[in-house]
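Chemist: Between the sequences and the hints, there should be enough to build the whole structure, so can you do that?
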Amino acid sequence: MDSPPAEGAQGPQRMEAEAAVGAEERERLSEFWVATDKLLERIPAALKLKHFAKSYPMVYADNPELLKKIHENSKEHLRKAIKEEMDLIVLEEGLEKLLGSLDELAKGAPVEPAWRPSGDPASDVRAHLHKYLQQEPEFVRRSLQCCQRDTAALAQRVLDGRQQIQALQANIAAKRAQWEECYKICQEAPCLQGAISDGKI
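Residue 88 in UniProt numbering sits at position 88 of the sequence shown, with consecutive numbering throughout.
It is worth saying that the hints were derived from the structure and are not from the lab. Glycine residues also receive a C-beta, built at the ideal position from the N, C-alpha and C atoms. Careful: at least some of the hints might be erroneous.
What the hints assert, rightly or not - The list that follows gives simulated cross-link-like pairs (lysine-lysine, DSBU-like), each with its CA atoms no further than 35 angstroms apart:
(1) 69 x 54
(2) 97 x 69
(3) 107 x 75
(4) 38 x 131
Stated by the list, open to error - The calculated label-pair distances, taken between Cβ atoms and stated as ranges, are:
(5) 41 x 104: 45 to 55 angstroms
(6) 97 x 41: 43 to 53 angstroms
(7) 85 x 57: 24 to 34 angstroms
(8) 64 x 127: 34 to 44 angstroms
(9) 144 x 26: 37 to 47 angstroms
(10) 94 x 127: 57 to 67 angstroms
Modeler: Right under this line is the structure:
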């Protein structure tokens with residue numbers, strides 16, 4: 001039976017992937033291989049012999065040692081198949097380039113820890129609503145400022161209207177004064193009095 005390779009062992013796909021990247025990406029890939037190998041060692045370990053024996057009860061009853069060897073070989077072949085498939089995916093999809101984006105995600109991650117339930121539903125609801133309630137004063141302040149701007153604009157329009165009315169009244173008064181002055185002059189002129197009396201002027 002073939003013995004499992006050591007963690008971080010380099011296959012052809014891994015060597016090809018690491019040869020195509022720089023030192024920084026190569027270091028990330030190396031760490032990724034180590035994590036992958038640890039995961040691969042756990043997957044076959046979950047395939048217990050007792051579960052395997054349930055599928056082949058007659059073989060296990062006649063020759064348990066043979067079934068144990070078959071079980072070990074099956075685990076190793078499964079581990080190798082998964083490893084080769086994952087290595088091929090990394091090579092074909094260019095995962096080494098995507099690993100660099102993890103640093104950007106880490107830099108952009110929030111400093112504050114993510115929210116987790118405390119076990120007290122009422123407290124969780126209050127904590128969840130607290131941030132929204134904190135935004136209420138700001139919302140009211142913005143609404144008040146908007147109303148104040150609208151009120152100021154309306155007041156300015158009213159003031160402009162009053163000034164226009166006052167200017168129009170002053171213009172009418174000036175025109176009326178001019179007409180009254182003209183009428184007075186006409187009344188005082190002897191040559192025009194007859195025309196005024198006859199309604200010609």
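Chemist: Please flag the earlier hints that this structure goes against, numbers listed from lowest up.
Modeler: As far as the earlier hints go, 2, 3, 4, 5, 6, 8, 9 and 10 are violated by this structure, in ascending order.
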